[in-house]
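Engineer: For this one, chain A is given, so just place chain B on it according to the hints.
Spelled out, the chains give:
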Amino acid sequence: MVLFAVLSLLLGIGYGLMDWEIPFLSALTSHSDYILYVLMFLVGISVGLNKGLVGRMKAYGWKIFVVPFGIVLGSMVGGGLCFFLCGATFGESVAIGSGLGWYSLTGVMITELSGARLGSIAFLSNLLREIFSFFSIPLLAKYTNYPTCIAPAGATSEDTTLPMMIRYTNEETVVLSVLNGIICSALVPVLIKFAYWFF
Amino acid sequence: MDVILIMCAGVLVGAKWFPERHQKKLSLFQLLTTLCLIFSMGVMLGSRQGFLEEITTLGWESFLFFLLPTVCSVLIVYPLTRIFMKEHIKKKEE
Numbered sequence: 001m002v003l004f005a006v007l008s009l010l011l012g013i014g015y016g017l018m019d020w021e022i023p024f025l026s027a028l029t030s031h032s033d034y035i036l037y038v039l040m041f042l043v044g045i046s047v048g049l050n051k052g053l054v055g056r057m058k059a060y061g062w063k064i065f066v067v068p069f070g071i072v073l074g075s076m077v078g079g080g081l082c083f084f085l086c087g088a089t090f091g092e093s094v095a096i097g098s099g100l101g102w103y104s105l106t107g108v109m110i111t112e113l114s115g116a117r118l119g120s121i122a123f124l125s126n127l128l129r130e131i132f133s134f135f136s137i138p139l140l141a142k143y144t145n146y147p148t149c150i151a152p153a154g155a156t157s158e159d160t161t162l163p164m165m166i167r168y169t170n171e172e173t174v175v176l177s178v179l180n181g182i183i184c185s186a187l188v189p190v191l192i193k194f195a196y197w198f199f
Numbered sequence: 200m201d202v203i204l205i206m207c208a209g210v211l212v213g214a215k216w217f218p219e220r221h222q223k224k225l226s227l228f229q230l231l232t233t234l235c236l237i238f239s240m241g242v243m244l245g246s247r248q249g250f251l252e253e254i255t256t257l258g259w260e261s262f263l264f265f266l267l268p269t270v271c272s273v274l275i276v277y278p279l280t281r282i283f284m285k286e287h288i289k290k291k292e293e
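One line per chain: the protein sequences are A and B, in this order. Number 199 marks the last residue of the first sequence (my numbering); no jumps. Number 293 marks the last residue of the second sequence (my numbering); no jumps.
To be clear, the hints were calculated from the coordinates, so they are not data collected in a lab. Mixed in with the good hints, there may be bad ones.
Said to hold, decoys possible - BS3-like, lysine-lysine: derived pairs with alpha carbons at most 30 Å apart: (1) A:51 - B:285; (2) A:142 - B:224; (3) A:142 - A:58.
As the list claims (entries may be wrong) - One side of the interface only, derived from the structure: several residues of chain A facing chain B at Cβ under 10 Å: (4) 17; (5) 25; (6) 29; (7) 37.
No residue lacks a Cβ here, since even glycine has one placed at the ideal position from N, Cα and C.
Just chain A, same shape as in the assembly (with noise of 0.2 Å):
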């Protein structure tokens, strides 16, 4: 699977790159949010033939927090340690962390707030944590627990990397990485402002 998902990524970016134009493809890759659409609704569907998932959702209560807690804390920590190797104020390092791998939203941000400079490092940074995650999930799955695969995707957990999620971990932590992704989706621009006004 990561191997297709590598070469999916490459044979994208290289379609990008070259500027052409095959109908089907340019039809598939502007309507992607349908793509995304497709895929819920299958996920919702997995969701709902494994019987008793609700009931065992219901179990995990606050915990259910324990996970965007954790990422928001570790992101905003390793924006600050960024603080000391880079050239951006502390404010600026802990807000960058602070996009949760939400890149367009942040870079849009960060532009706004600290210049072109600093949005490009944003939207990067962000983007690379995207594309990690996607390479990461099969590996933590293996090596650490199902819902330590959500630390690295942040924010895009409802999203972008919810289908390695589908592939490499099970329903439950699926549910869990959605409820996720909506929390941390909503939190990362209150958490960008607040470090510009706090730190």
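Structural biologist: Then chain B, alone, in the frame of chain A:
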């Protein structure tokens, strides 16, 4: 929000009407849509103006800003899940 609603519709279909004997086909369709989604992401990146230049000029700092937050997230989430989600993890992996 729309993604969640669509997933809920899928859950309903899976719980009420979807025949279990088609589970293998369902997995295959999931795989195909996954690969389409990854391909689309690649196209989006490749067609971004100045994508290659951005990677080469801001690569090192971007790499650090990706690596440290990601690694710290994993390092914090893993022990937290071991402490607070112990029972769930055990049940799942048995």
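Engineer: With 10 Å as the cut and Cβ atoms as the points, is residue 25 of chain A at the interface with chain B?
Structural biologist: holds, 8 Å
Engineer: Under the criterion that the straight-line Cα-Cα distance not exceed 30 Å, is the pair residue 142 of chain A, residue 58 of chain A satisfied?
Structural biologist: holds, 26 Å
Engineer: For the restraint on residue 37 of chain A, tell me whether the closest CB of chain B is nearer than 10 Å.
Structural biologist: At 5 Å from the nearest chain B Cβ, residue 37 of chain A passes the 10 Å test, so the hint holds.
Engineer: Given the hinted pair residue 51 of chain A and residue 285 of chain B, is their alpha-carbon gap at most 30 Å?
Structural biologist: Holds - the C-alpha atoms of residue 285 of chain B and residue 51 of chain A are around 22 Å apart, at most 30 Å.
Engineer: Let's test the interface hint: is any C-beta of chain B closer than 10 Å to that of residue 29 of chain A?
Structural biologist: holds, 4 Å
Engineer: Does residue 17 of chain A pass the interface check with chain B, least Cβ-Cβ distance below 10 Å?
Structural biologist: holds, 4 Å
Engineer: Mind checking the alpha carbons of residue 142 of chain A and residue 224 of chain B for me, to see if they're no more than 30 Å apart?
Structural biologist: holds, 25 Å
Hint compliance for this structure: every hint is met.
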